[in-house]
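> Okay, here's what each chain looks like letter by letter:
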Amino acid sequence: MFLRSCLFFLYNGTEEGSGAMEARQSLVTYLEELKADRSFMERVTYMKTMEATVGKYAPFPKEMPERLRQALEKRGITSLYRHQELAFRTVQGGASTVIVTPTASGKTYCFNLPILSHLLAHPNARALYLYPTKALAQDQNSELLELIDEMEAPIRCFTYDGDTSPTIRTKVRKAGNIVITNPDMLHSGILPHHTKWIELFENLSHIVIDELHTYRGVFGSHVANVIRRLRRICRYYGSDPIFIMTSATIANPQELAERLTEKKVQLIDDNGAPTGRKHFIVYQPPIVNAQLGIRRSATLETKQLASRFIKKKFQTIVFARSRVRVEVLLTYLRSLIRHELGPKSIEGYRGGYLPTERRDIERRLRKGEITGIVSTNALELGVDIGQLQVCIMNGYPGTIASLWQQAGRAGRRQDDALIILVASSGMLDQYVAERPELFLNQSPEAARLDPDNLIIAVDHIKCAAFELPFRQGETFGTLETEDILEYLVEERVLHQRGERYYWMNDAFPAHGISLRSSDQENVIIVDQTEVPNRVIGEMDTFSAMTLLHDEAIYLHGADQYQVEALDFEEKKAFVRAVDVDYYTDANFSVELSVLDEDECYTNGVFSVARGDVSVRGMATMFKKIKFGTHENIGSGPIHLPEREIHTTGVWFSLPETSTSSTELEQVLEGVANSLRRVAPLYLMCDASDVFVVPQVKATHTQKPTIYLYDRYPGGVGLAASIYKQRTIMLRAARDSIETCPCLDGCPACIGMIGVSDEKERTIRMLAEMETEL
Amino acid sequence: MKNKLRRMLKTTETEPKTSPSSTDQEQATTAEQAAWLAKGADILTFEEEWIVRLDRRYPLTAQHGHRSFEAVFESLQLPHPPLALDVPLEQIIFFDTETTGLKGTGTTIFLLGFARFEKGELLMRQYFLPHPHYEAALYHHFLRDIGEDVRFVTYNGKSFDWPQIKTRHVFVRERVPRLPKVGHLDLLHVCRRLFKGMYDSYRLTRMEERIGFERTDDLPGFLAPMHYFQYVEHQNPDIMSGVLEHHLHDCLTLVSLYDECNRLVTHRQEATSQIRENIGVWLADLGIHDQSVKHFGQADELTAQGWFRQGMLYKKLRQYEKAKLCFEKSDSYEGFIELAKWAEHIAKQPTVAYDYTERAKNMLAHHQLLASRRERLLAELDHRSLRLQRKCRR
Numbered sequence: 015m016f017l018r019s020c021l022f023f024l025y026n027g028t029e030e031g032s033g034a035m036e037a038r039q040s041l042v043t044y045l046e047e048l049k050a051d052r053s054f055m056e057r058v059t060y061m062k063t064m065e066a067t068v069g070k071y072a073p074f075p076k077e078m079p080e081r082l083r084q085a086l087e088k089r090g091i092t093s094l095y096r097h098q099e100l101a102f103r104t105v106q107g108g109a110s111t112v113i114v115t116p117t118a119s120g121k122t123y124c125f126n127l128p129i130l131s132h133l134l135a136h137p138n139a140r141a142l143y144l145y146p147t148k149a150l151a152q153d154q155n156s157e158l159l160e161l162i163d164e165m166e167a168p169i170r171c172f173t174y175d176g177d178t179s180p181t182i183r184t185k186v187r188k189a190g191n192i193v194i195t196n197p198d199m200l201h202s203g204i205l206p207h208h209t210k211w212i213e214l215f216e217n218l219s220h221i222v223i224d225e226l227h228t229y230r231g232v233f234g235s236h237v238a239n240v241i242r243r244l245r246r247i248c249r250y251y252g253s254d255p256i257f258i259m260t261s262a263t264i265a266n267p268q269e270l271a272e273r274l275t276e277k278k279v280q281l282i283d284d285n286g287a288p289t290g291r292k293h294f295i296v297y298q299p300p301i302v303n304a305q306l307g308i309r310r311s312a313t314l315e316t317k318q319l320a321s322r323f324i325k326k327k328f329q330t331i332v333f334a335r336s337r338v339r340v341e342v343l344l345t346y347l348r349s350l351i352r353h354e355l356g357p358k359s360i361e362g363y364r365g366g367y368l369p370t371e372r373r374d375i376e377r378r379l380r381k382g383e384i385t386g387i388v389s390t391n392a393l394e395l396g397v398d399i400g401q402l403q404v405c406i407m408n409g410y411p412g413t414i415a416s417l418w419q420q421a422g423r424a425g426r427r428q429d430d431a432l433i434i435l436v437a438s439s440g441m442l443d444q445y446v447a448e449r450p451e452l453f454l455n456q457s458p459e460a461a462r463l464d465p466d467n468l469i470i471a472v473d474h475i476k477c478a479a480f481e482l483p484f485r486q487g488e489t490f491g492t493l494e495t496e497d498i499l500e501y502l503v504e505e506r507v508l509h510q511r512g513e514r515y516y517w518m519n520d521a522f523p524a525h526g527i528s529l530r531s532s533d534q535e536n537v538i539i540v541d542q543t544e545v546p547n548r549v550i551g552e553m554d555t556f557s558a559m560t561l562l563h564d565e566a567i568y569l570h571g572a573d574q575y576q577v578e579a580l581d582f583e584e585k586k587a588f589v590r591a592v593d594v595d596y597y598t599d600a601n602f603s604v605e606l607s608v609l610d611e612d613e614c615y616t617n618g619v620f621s622v623a624r625g626d627v628s629v630r631g632m633a634t635m636f637k638k639i640k641f642g643t644h645e646n647i648g649s650g651p652i653h654l655p656e657r658e659i660h661t662t663g664v665w666f667s668l669p670e671t672s673t674s675s676t677e678l679e680q681v682l683e684g685v686a687n688s689l690r691r692v693a694p695l696y697l698m699c700d701a702s703d704v705f706v707v708p709q710v711k712a713t714h715t716q717k718p719t720i721y722l723y724d725r726y727p728g729g730v731g732l733a734a735s736i737y738k739q740r741t742i743m744l745r746a747a748r749d750s751i752e753t754c755p756c757l758d759g760c761p762a763c764i765g766m767i768g769v770s771d772e773k774e775r776t777i778r779m780l781a782e783m784e785t786e787l
Numbered sequence: 242m243k244n245k246l247r248r249m250l251k252t253t254e255t256e257p258k259t260s261p262s263s264t265d266q267e268q269a270t271t272a273e274q275a276a277w278l279a280k281g282a283d284i285l286t287f288e289e290e291w292i293v294r295l296d297r298r299y300p301l302t303a304q305h306g307h308r309s310f311e312a313v314f315e316s317l318q319l320p321h322p323p324l325a326l327d328v329p330l331e332q333i334i335f336f337d338t339e340t341t342g343l344k345g346t347g348t349t350i351f352l353l354g355f356a357r358f359e360k361g362e363l364l365m366r367q368y369f370l371p372h373p374h375y376e377a378a379l380y381h382h383f384l385r386d387i388g389e390d391v392r393f394v395t396y397n398g399k400s401f402d403w404p405q406i407k408t409r410h411v412f413v414r415e416r417v418p419r420l421p422k423v424g425h426l427d428l429l430h431v432c433r434r435l436f437k438g439m440y441d442s443y444r445l446t447r448m449e450e451r452i453g454f455e456r457t458d459d460l461p462g463f464l465a466p467m468h469y470f471q472y473v474e475h476q477n478p479d480i481m482s483g484v485l486e487h488h489l490h491d492c493l494t495l496v497s498l499y500d501e502c503n504r505l506v507t508h509r510q511e512a513t514s515q516i517r518e519n520i521g522v523w524l525a526d527l528g529i530h531d532q533s534v535k536h537f538g539q540a541d542e543l544t545a546q547g548w549f550r551q552g553m554l555y556k557k558l559r560q561y562e563k564a565k566l567c568f569e570k571s572d573s574y575e576g577f578i579e580l581a582k583w584a585e586h587i588a589k590q591p592t593v594a595y596d597y598t599e600r601a602k603n604m605l606a607h608h609q610l611l612a613s614r615r616e617r618l619l620a621e622l623d624h625r626s627l628r629l630q631r632k633c634r635r
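Respectively, the protein sequence lines represent chains A and B. Quick note: the first sequence, position 621, residue 635 per our numbering, numbers continuous. Quick note: the second sequence, position 80, residue 321 per our numbering, numbers continuous.
Hint data in this document are derived by calculation from the structure and do not stem from the laboratory. Among these hints, one or two may not hold up.
What the hints assert, rightly or not - In silico SDA-like pairs for lysine to any residue, Cα to Cα no more than 20 Å straight-line:
1) A:210 <-> A:138
2) A:278 <-> A:225
3) A:585 <-> A:557
4) B:245 <-> A:187
5) A:210 <-> B:377
6) A:586 <-> A:544
7) B:399 <-> A:187
8) B:344 <-> A:482
9) A:278 <-> A:106
10) A:188 <-> B:344
11) A:188 <-> B:414
12) A:210 <-> B:406
13) A:210 <-> B:407
14) B:344 <-> A:175
15) A:640 <-> A:338
16) A:210 <-> B:413
Unchecked claim - Stretches of chain A that chain B covers, calculated by requiring three or more beta carbons in the stretch to come under 8 Å of a beta carbon on chain B:
17) 201 to 214
18) 466 to 480
19) 489 to 502
20) 510 to 522
What the hints assert, rightly or not - Between beta-carbon pairs, the in silico distance windows are:
21) B:441 <-> A:164: 51 to 57 Å
22) A:485 <-> B:288: 16 to 22 Å
23) B:611 <-> A:496: 32 to 38 Å
24) A:592 <-> B:397: 45 to 51 Å
25) B:527 <-> A:88: 48 to 54 Å
26) B:593 <-> A:525: 55 to 61 Å
27) A:513 <-> B:415: 15 to 21 Å
28) A:496 <-> B:415: 27 to 33 Å
29) B:415 <-> A:605: 30 to 36 Å
30) A:166 <-> B:289: 50 to 56 Å
31) A:327 <-> B:620: 39 to 45 Å
32) B:397 <-> A:377: 40 to 46 Å
All residues carry an ideal CB built from backbone N, CA and C; glycine is no exception.
Please construct the entire structure, taking both the sequences and the accompanying hints into account.
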């Protein structure tokens, strides 16, 4: 996305005006000032400067058509980065490819150049681009249109999504050489109507999957199945397209690409783009309670740091981990800086804002009208917002991969950039902050998905059967279908006759299946403050149980709303604007039982197993927490129905000990909490994707047991991954408690304030488990 | 594995089915065909496949609703522009389908058929797909029977039946004739125009009130898929009798409904003022001005919008005095705007025009309208007012 301007700059040295010079100068100077500031430097536990690197270039490939070459030259581009040239040759050679290079390295040319070359030579050919969001698709469309315009080529390029007007849909279907869409639209709008897209499927030569790393977990498992359906239909119409994928840095891009597409994929990861100098700082808030190991609030520190930079007019992005945090920080920052810069110079950005709001913010960021932006990881993706100067992370973003994505937001082509990680008191944060080499030297996490998750796969087999009848013995991707097809026949969804299975149901299967979550419906948030009421956002039902229950304080655009009623049946939350000094935090309680054991290891005393579990969850109560001091100032019940899911889990069972059950319970909880907190380090998931349940005497094992389970129904591979990596995870959990500065255990390490030698005993238990298992 | 599936996906308890051997299957097929033949159906084969065709012939004296088919036969001889079907009679088919669900690739058309006049009779012909596998046979026979040059009369066929046929045709396109380029008259659109403002729903069964046909023991359309799924499992033609009957009535209703519409448009039947107005407006939209004038002329009373539209028609025909009368009767802001234009440009009476403009503004202020549209109209009227004031002063 940034490549065009990037190359433009390289060959048109004039673009870097005096303004940019000034900004760079001052950021460097300001950094010197900071280094001289003792109170600042006291809290910096780590500082590293990554020097600028020079670009590696290659001439235009001979196979590239003259028109494309001229169009590029018109933009001042006379050669390619080496990885772009390599991608071009690989794709020309007919191999599917995944390209992994950092933000602003010109990834889009890696697929656009070979595809445009192909389309120039084969006017009937078609390409399909998949973007995880509509916004990214729009960006790509305008970029492509500009390039096509400059070539004056008869190549037609369209986006196709829910916003596409019915009048041009036919045109897109019949004549679009490049169709840019999202997996959801492919799933419910294109594949089930494939007979209207004959021209596309018969001539489909390339499929682009940008932002590959976003296709993990539940969403990735769904999309892998959508791609199975896509390839099945391509085969029916006689095409076998090449896949070109691009990804942010993750440990296993090639594996992920191959799992997603079930094709052999070549990896290109040698970045040829030059980078500017980056300064990386780990910032530790001071300890305020040595006994509990509690540090000052990272949010307060972030606020102070951010206002410092914003006041100096450095374009700054602040990443916060939750929607609530974003809103809290936004409120703080706006009130601090309102008088100096005006409220419009600082904006929030997160899912739940309406698309038009977001487009407007993106545009103003690019134009430099916004000095400060506070965002969730929504801005990690390749939304084009231009490059900023300072990036502040309020807490470790959860994965190494997203840390680098977020850090990549700062760094103008040949300008210094500053990245600050403000560690919170949380255990994972402290663990990472103490060991910056974890993310600086080690490879990031691997992205997991499980296309064979039964619930997901069965859903997509239904869709596939609706699209084309299955033949006996036909596989669905690599999945054997015999049992599933027979099951669907028994369920009267399919009808078997001879060798074939026919769709025999009056439903439209794709409508009932959402790729994004287990729930197909979102809760709509209706603001009743003014008449007429208006919809101000939406949220998935699972989150709604803890964020939109009755009396919850919902934060949106730095405004506070109280939920007056949550209509869970109708999926509507009615809110009204309020002005209070607290926010709410909900408790979620679970019951768990084992359904089936798949794998087990035991030494007679200790054992570990994984398999299917049933979990019944319920939001029970909420607390009111005061801003600033974070004290608990009240609570209330939540009356929402229980939800049951079947998923996959791992359980560790331990020997019964002579100690009292209270003590045992405490240790189990300590072990469970510490395991849960290190899990994201190894699983590339959010801490909230893995849940833990300790049981003093579990029904299944009759022993003290700790369960860890995957939040998504059916599981998406996290449990298997925990089972495999249990030793290293147990070690990390122990290590994290040992290095915690608290005395007897604190909420950050063992999950609660420790009693007597609890910290000690938890460490011992983890050490035992590590050696025994 | 299946246990796991059942547990995770919350199964409905059903008896596991054993799949029949191939000799069983052959015997079953023979029995199935015999059952259809016993009902007077034809079995049509194509390659390895077969389908069921049911014909019924009605003499022209037979009735569907309060008129005989003879009347329709005559109507069809009296082609009238908006309902014209410019082909020989036997190329006009009154067509309908039954499907397994909503639009989408996996939705199968299991029953299609038509009524058409041939050899002094009305032929009602249905093609039934005994198994989803045999679609090639279905389309092969259907397309061969109707030929290349054909006009469809349907109800909502433009957006449902025909696109769905196109979709399913794709799967067998290499084996069967191409789809004809159809001329298509969709009676749903016609009824919506003719009976505008008179019904809350324009479902076909509601329209049957007009032709005086009442169904007894009719199978509701939404149950048709269930019956078909049952049939596919048990292969007993009796399961389909309700659906076949329903479909047959749908086609016959199309025939009578066409006649009804044609009679109204060609003044061969009494009609309420509202219908006359609706037809007048419709024809005016189509640019059939002389006919439109006639229909308006036969209406005793018109709505405000009707008077306005008639006024616009006369204006277009340059019959300004008549137009003026209509606009006055319309008594709406639109009417006054037109009157203002007339007074300013035709009658050249700026004071009168000014007066009309003010009245239009007044009415507009109390009219339910999109805010943005009202703003725009008011701005235009203000502009006109100012201009007229200047003219008056002169």
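> Next step is simple, just say for each hint if it's right about the structure.
Against the structure, the hints:
For a cut-off of 20 Å, the pair hint linking residue 210 (chain A) to residue 138 (chain A) stands: about 17 Å separates their Cα positions. Restraint check: the Cα-Cα separation between residue 278 (chain A) and residue 225 (chain A) comes to about 19 Å, which is no more than 20 Å; the hinted pair holds. A hinted pair counts as satisfied when its Cα atoms are at most 20 Å apart, and residue 585 (chain A) with residue 557 (chain A) qualifies at roughly 12 Å. Distance check on the hinted pair: residue 245 (chain B) and residue 187 (chain A) sit about 40 Å apart at the alpha-carbon level, beyond 20 Å; violated.
Among the hinted pairs, residue 210 (chain A) with residue 377 (chain B) is consistent with the structure: their alpha-carbon atoms are about 19 Å apart, no more than 20 Å. Distance hint between residue 586 (chain A) and residue 544 (chain A) is fulfilled; the C-alpha atoms sit about 17 Å from each other, no more than 20 Å. The straight-line distance between the Cα atoms of residue 399 (chain B) and residue 187 (chain A) is roughly 19 Å, inside the 20 Å bound, and the hint therefore holds. With a C-alpha separation of about 15 Å, the suggested pair residue 344 (chain B) and residue 482 (chain A) falls inside the 20 Å cut-off, and the hint holds.
A hinted pair counts as satisfied when its Cα atoms are at most 20 Å apart, and residue 278 (chain A) with residue 106 (chain A) qualifies at roughly 15 Å. Restraint check: the Cα-Cα separation between residue 188 (chain A) and residue 344 (chain B) comes to about 19 Å, which is no more than 20 Å; the hinted pair holds. Of the supplied pair hints, the one linking residue 188 (chain A) and residue 414 (chain B) holds, its CA atoms being roughly 18 Å apart against a limit of 20 Å. Pair hint residue 210 (chain A) plus residue 406 (chain B) holds up; C-alpha atoms about 12 Å apart against a cutoff of 20 Å.
Taken as a hint, the residue 210 (chain A) and residue 407 (chain B) pair is honoured in the structure, with Cα atoms around 9 Å apart against an allowance of 20 Å. For the hint pairing residue 344 (chain B) with residue 175 (chain A), the CA-to-CA distance comes to about 18 Å; that is within 20 Å, so the pair holds. Distance restraint check for residue 640 (chain A) and residue 338 (chain A): the Cα-Cα separation of roughly 13 Å lies within the 20 Å cut-off, and the hinted pair is therefore satisfied. A distance of roughly 14 Å separates the Cα atoms of residue 210 (chain A) and residue 413 (chain B); the hinted pair therefore holds under the 20 Å criterion.
For a cut-off of 8 Å, the count of residues in the stretch 201 to 214 of chain A with a CB near a CB of chain B stands at 6, and the three-residue condition holds. As drawn, the stretch 466 to 480 of chain A meets chain B at 5 residues by the rule of a beta-carbon pair under 8 Å; at three or more, the given contact holds. Figure legend: the stretch 489 to 502 of chain A, annotated as covered by chain B; annotation consistent (4 residues with Cβ-Cβ distances under 8 Å, at least 3 required). With 11 residues having a beta carbon nearer than 8 Å to a beta carbon of chain B, the stretch 510 to 522 of chain A meets the requirement of three or more and the stated coverage holds.
Distance hint check: the CB atoms of residue 441 (chain B) and residue 164 (chain A) are about 55 Å apart, consistent with the given range 51 to 57 Å. For residue 485 (chain A) paired with residue 288 (chain B), a C-beta distance near 18 Å keeps the hint of 16 to 22 Å intact. The given range of 32 to 38 Å is broken by residue 611 (chain B) and residue 496 (chain A), whose C-beta atoms sit roughly 58 Å from each other. Between residue 592 (chain A) and residue 397 (chain B) the Cβ separation comes to about 50 Å, which falls inside the hinted range of 45 to 51 Å.
Separation of residue 527 (chain B) from residue 88 (chain A) is about 51 Å and conforms to the stated range, judged on CB atoms against 48 to 54 Å. Evaluation of the 55 to 61 Å hint for residue 593 (chain B) and residue 525 (chain A) yields a pass: the beta carbon distance comes to about 60 Å. At roughly 19 Å, the beta-carbon separation of residue 513 (chain A) and residue 415 (chain B) lies within the given 15 to 21 Å, and the hint holds. The hinted range of 27 to 33 Å is satisfied by residue 496 (chain A) and residue 415 (chain B), whose Cβ atoms lie roughly 29 Å apart.
Between residue 415 (chain B) and residue 605 (chain A) the Cβ separation comes to about 57 Å, which falls outside the hinted range of 30 to 36 Å. In this structure the hint that residue 166 (chain A) and residue 289 (chain B) lie 50 to 56 Å apart at CB holds, the actual value being about 53 Å. About 43 Å separates the C-beta atoms of residue 327 (chain A) and residue 620 (chain B), a value consistent with the hinted range of 39 to 45 Å. Checked against the hint of 40 to 46 Å, the pair residue 397 (chain B) and residue 377 (chain A) passes, with Cβ atoms roughly 43 Å apart.
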